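*Asks:* Residues per chain, in single letters:
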Amino acid sequence: MKTSRFLFPLLVLLSGCSGGVQSALNAQGHSAVALKDLIIFIVLVCTAVWLAVVLVMAWALMRRHKRQEGEAAERKMTIAVSVAIVMTVLIVGVLTFASFLTTRSLYSGTDATVTIRVRAQQWWWQFIYDNADPSIAFQTANEFHIPVGKDVRLQLEAVDVIHSFWVPSLAGKQDNIPGRENVLTLRADKPGVYRGQCAEFCGLQHSHMAFLVVAEEEADYQRWAAQQRQAAVQPVSAEAAAGRDVFMSKPCAACHTVRGTQASGTSGPDLTHVGSRSTIAAGLLETTRGSLAAWIADPQTLKPGNNMPIVPLTSDELRQISAYMEGLK
Amino acid sequence: MKDLVVLDVSKLPLHGTGMASPTWWATCTFMLIEGMGFGLAIAVYFYLMSLAPQWPIGAPPPDLFAGACLTVLLVASIIPNILVSRWARRRELKKVKIGLLIMSFFGIVPLVFRIFEFPALNVSWDDNAYGSIVWTILGLHTTHILTDLVDTLVLTALMFSRHGDNTRRYGDVEDNCLYWNFVVIAWLPLYGCLYWVPRL
Amino acid sequence: MSSETARYTSLILPPGAWLMTTQLGQMLPYVDCLEKTHWTAFTAFAAVFLAAAGGLLGWKSYSAAASRTARFVSGFGIFFGCAIGFALLLQGAASLLLNECER
Amino acid sequence: MQEEQSGPPMDTDLDDRELESRLAKTWSTRPGFWGKIACVDHKVVARRYIFTAFVFLMLGGLLSLAMRLQLSQPEARFISPDRYNQIFTMHGTNMMFLFAVPVMEAMAAYLVPLMVGTRNIAFPRLNAFSYWIFLIGGLLLWLAFALDAAPDVGWFAYVPLSGPQYSPGKRTDLWAQMITFTELSALAVAVEVVVTVFKQRAPGMSLDRIPVLVWAMLVMSFLVILAMPAIMFGSSTLILDRLVGTQFYNPAEGGDALLWQHLFWFFGHPEVYIVFLPAVGMVSTILPAFVGRPLYGYMLLVMALITTGILSFGLWVHHMFTVGLPRLGESFFTASSMAIAVPAGIQIFCWLATLWAGKPVYKTPLLFILGFIFTFVMGGMTGVMVASVPFDTQVHDTYFVVAHFHYVLIGGAVFPLIAAIYYWFPKMTGRMMSERLGRWSFWLIFIGFHLTFFPMHILGLWGMPRRVYTYQPELPWASLNLFVSLSSLILASGFLIFFIDAIKSWRSGPPAGANPWNASTLEWATSSPPPPYNFRRIPVVSARDPFSPGNDELTVATGLRTDRREVLVTTIVEALPEARESSATDSVWPFWAAIATSIMLIWSIFSPWAVVWGSIPIAVALIGWFWPKGEAEDES
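Residue numbers (our numbering), protein chains in the order written: chain Z, 1 to 329; chain S, 1 to 200; chain A, 1 to 103; chain F, 1 to 636.
These are computed hints drawn from the structure, not numbers from a lab. If you're wondering where the values come from, they're calculated on a predicted model, not measured in any experiment. The C-beta atom is built at its ideal place from N, Cα and C for all residues, glycine as well. Please note that a few of the clues may not be correct.
[To be verified] Restricting the straight-line Cα-Cα distance to at most 25 Å, the calculated cross-link-like pairs of lysine to any residue (SDA-like) are:
#: 1; chain 1: S; residue 1: LYS97; chain 2: F; residue 2: LYS363
#: 2; chain 1: F; residue 1: LYS629; chain 2: S; residue 2: VAL150
#: 3; chain 1: F; residue 1: LYS629; chain 2: S; residue 2: GLY164
[Stated by the list, open to error] Partial list, computed: chain Z residues near chain F (C-beta under 10 Å):
#: 4; residue: SER23
#: 5; residue: LEU35
#: 6; residue: ILE39
#: 7; residue: VAL49
#: 8; residue: MET77
#: 9; residue: VAL89
#: 10; residue: ARG104
#: 11; residue: GLY196
#: 12; residue: CYS202
#: 13; residue: THR257
#: 14; residue: THR261
#: 15; residue: ALA263
#: 16; residue: PRO299
Chain Z on its own, in the form it takes in the complex:
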């Protein structure tokens, strides 16, 4: 590898920089690692072929011309071209086999312990942890947790238009298509927070449709799941309590659910534990009281065209409602 770093500047870029939390080259999951190996293999082979072609071209341009004419020269050329064609066939064959073998290695059985329904919609992600016992089912938005080292089965659905579920550090993408159901199996090898983003153009705010996958040890995951199953916590401060009342009396409750209250709208994300998520508005802003206030005050400036309307609030109401939201851990 060390010598190849001098030879292939492309490889330096590939192996030297992993490209952050949302990169196919920063592979942290079973599938992504297999894909990264395939990517590096094919890129190396192709780079070699490209270099060979360019070198032959350069040689052809620079060689001193003897201007061989006649049949001998022609026959030599025919042999060279034939060899090149045979090489092409062999290389293409090898790459195709590599591709098929990788596809085969990605196929995992149905021994997934966790199944999550991923409902993509303009322009946010709904993650539903279904259970036969509805009392322990719960849902979250734009952020979900998975146990490390376990296969997680994702059922991909779309509510409105086509979206595509993609966490490059964990696996390749798979589309969410209205009227169809796709399945993607994920497995994170290391604990961490991985970013994903909608990969299929889905309208105005396609750019702001991100989510986070939090992979954690089994015990942490179970603790998180148990906490998510709880109904919303009661506000602890007077300000937050006032915020709850504003929330219930304004149109907010018509679109959002806060379990344990009368708010049970379903067109927007479930906010029961919104304070426990690290971002709001599908990865747009970090969850702080300030960003919550900014978002609620004017969602259309921060994310033009999204489906959350501007609800007229006084500055007191805005402060109270943000406090309430932040407290929904």
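Position chains S, A and F relative to chain Z; hints supplied.
*Replies:* This is chains S, A and F only, laid out in the frame that chain Z set:
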């Protein structure tokens, strides 16, 4: 650059027919385009059928009468059509004129039955995907008949005019006959799709 | 078979076989997955055979050809047999290596 | 016998000058505005076509600069998301439908009749009609953009985003109907090219003597004929879904979202080869002229062309690897997509062999061709990468793919096209382009191109999706994006110099002479620019190179009439003379037919009844077009 004459083509005819005629080839290419269109329509029909839990979706299969009459008429029209083509090749102006009148008739009458075919589908185009594809297929083929009918009518008028007795016009008549054969042959798989596949 | 027929058969056979498998490859895996059959693999290799036969016919008509242009056309048959046969072999490999149910 | 003596005037015993003046009288276009409108000379129509397509290229390029401005920094607010979506949709639609395909068709319409040695394209009136339809379709789309009503659903217009529910208004209808316009014009030219190549080749130009470029244009035309009906079916059913409530794409009523993708890509993938195969023909024609030896591997190249054309119909699902089809079926498309690398490789090897055996003369066209080989092979390699199902699941819909297809389309088609413009400009205008500006434009375009598009591969692997109007500062994409945006200015300046060169040379370039490159294909056997009748006498061909540049003699046929537009029809395989066919005279009816068709198509966006009432003027115009006027061309 100097010309070195090596070939004299002055004895060649001023217009070729069949494979010697560019128009004949253009007719064939247009048939390829339209054939591709019909092929796609059939493919879409079967594609939608493969997705549907039952086929036809939410409707009884189409009633047979109008479609059967039209099909019989179209198939029968092949005979005069071939005759017209033969007369045109032999440049028999009078027979060609009569033949074109007959073919105009064979273009109009199927359209009358076609009017009754649409309600016989027992489904509206906006009911479901089944309705959409059968209306589209029927609509496409109606356009097909209509365009050839207009073509035949104009050609008939032309043959009765002073421009009629001309090798080029006879070639046009032959190409028109070729195209009508295509209209009829293209209908048969469409007919099978529309009327008999739902009965399988 | 006359060399004329062989020539045109060799032009049609390999592409035809390949178009067929490419299309069937979109339908048969569903059947294979449900019924545990191997129709996809079967059609892929049947098509390899057809393409090879096309190539051979082209070759036969090449040597039997009288005119320059006829040989030119026969050359296409041979080439189609090889190039499309290769594509079909790769399809065949896929049908052996991959599981029919995988989505 | 008597008839023959008093028969029509023939070219048999005329001296060259007298013959030329008589032919000029028969073939020339009448002066004045309506004369220009009525003109059916393939060279004039094709020149208009090429010019218009390059205007669209320039406009599309400006759109891409606007996108690069918006993406130069994270969360930039230069352009609103709505406008940005219109811009990238317009960029893709414009470049594919209004530039790439039309310009290649136009090159075919210009070059094919000259290269096969005939006097006009088959069905010249259809050719004129095709241009007017193309022009009106393009104007329609750009007018919509000017009115802030341009389509905003991507050039691929996936349903349900483009369906009635999620794309209200007329934007998407305009897109879908623009498709109808451009496909109509493309199909028309394809039919003309097929018939011209089949029936109007010079005597003796048997199948194995057809120039590679003509083969390429023939294969391209067949791809158009077989692929375009799919998109026309798709766009029409989309309009029906939106206008009259059919349910093709509505999953709730038995329709399917993937049906659209199948139809779109069944057209969309051959489309790439519709653009690329003519480029193969151009490279194969230009290269020999600058290395001073004939092309190596004529037969191999032609076979590779045709095989590529066939295989291009089995690649469409590789745009759909992530939609959830069975992996096994998808892998069949991996197989075909990988296998197509073999004919592509063969083409490259033939060109390398030609280079190897020849002595390169570094004129601008050759520079662009060397740049093409360098760049296109890279695009081919990334093509092999995205052909692999698992590889593609990581890079599909990312900037990696944006980089890949710009390598293939700009590197693989625009570089050869610019080479072709430098090469055939003298033929088209009678003037040479500047070698100095040509070199400047080559190096700026070449370097600017790689600096702009190579980093996009990395951005894609780093997880940057396509079609985003912005990205967030916490992602590590900002510096590369800024770099790309700055580099795009270099690329744009290269194109600017090319445009300046073309305009300057058109007006005041040095005269070219008949054969400035010492080439040996038939278009160089006549003057630059060619007279309206192309050739004084129809050439007769007896070898793959129809004439040798050193030789001052051209073997020709006589026996055509001079008082009417007459072309020679030959047999399909051996090109033996069959008939002396007339060629249509100038007519304003194609123009009126195009106007009537446009009114019907645009009206039908608003009301289905337009199809009924709008068809009547079309029928009238068509009857006017075809009704014999008792001219000499009517005789038989």
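*Asks:* Against each hint, give a clear statement of whether it holds in the structure.
*Replies:* Now for the hints, and whether the structure bears them out:
Pair hint S/LYS97 plus F/LYS363 does not hold up; C-alpha atoms about 63 Å apart against a cutoff of 25 Å. For a cut-off of 25 Å, the pair hint linking F/LYS629 to S/VAL150 stands: about 20 Å separates their Cα positions. Restraint check: the Cα-Cα separation between F/LYS629 and S/GLY164 comes to about 12 Å, which is no more than 25 Å; the hinted pair holds. At about 5 Å, the closest approach between the beta carbon of Z/SER23 and any beta carbon in chain F falls short of 10 Å, and the interface hint on this residue holds.
Residue-level restraint check for Z/LEU35 holds (minimum Cβ-Cβ distance to chain F is 5 Å; threshold 10 Å). A least Cβ separation of about 6 Å between Z/ILE39 and chain F falls short of the 10 Å threshold, and the interface hint therefore holds. A least Cβ separation of about 7 Å between Z/VAL49 and chain F falls short of the 10 Å threshold, and the interface hint therefore holds. The interface hint given for Z/MET77 holds, since its Cβ lies 5 Å from the closest Cβ of chain F, which is under the 10 Å cut-off.
At a threshold of 10 Å, the smallest CB-CB gap from Z/VAL89 to chain F is about 6 Å, leaving the interface hint in force. Evaluation of the Z/ARG104 hint against chain F yields a held restraint, the C-beta minimum of about 9 Å falling below 10 Å. The beta carbon of Z/GLY196 is positioned within 10 Å of a beta carbon in chain F (closest approach about 9 Å), and the interface hint is therefore held. The restraint placing Z/CYS202 at the interface with chain F holds, with a minimum CB-CB distance near 6 Å, inside the 10 Å limit.
Checking Z/THR257 against chain F by beta carbon gives a least distance of about 24 Å; that is not within 10 Å, so the hint is violated. A hinted interface residue such as Z/THR261 counts as satisfied when its beta carbon comes closer than 10 Å to some beta carbon of chain F; here the least separation is about 32 Å, so the hint is violated. The criterion of a C-beta within 10 Å of any C-beta in chain F is not met by Z/ALA263, whose closest approach is roughly 27 Å, and the hint is violated. Annotation: Z/PRO299 was flagged as interfacial toward chain F, and the flag is violated, the nearest CB pair being 14 Å apart, outside 10 Å.
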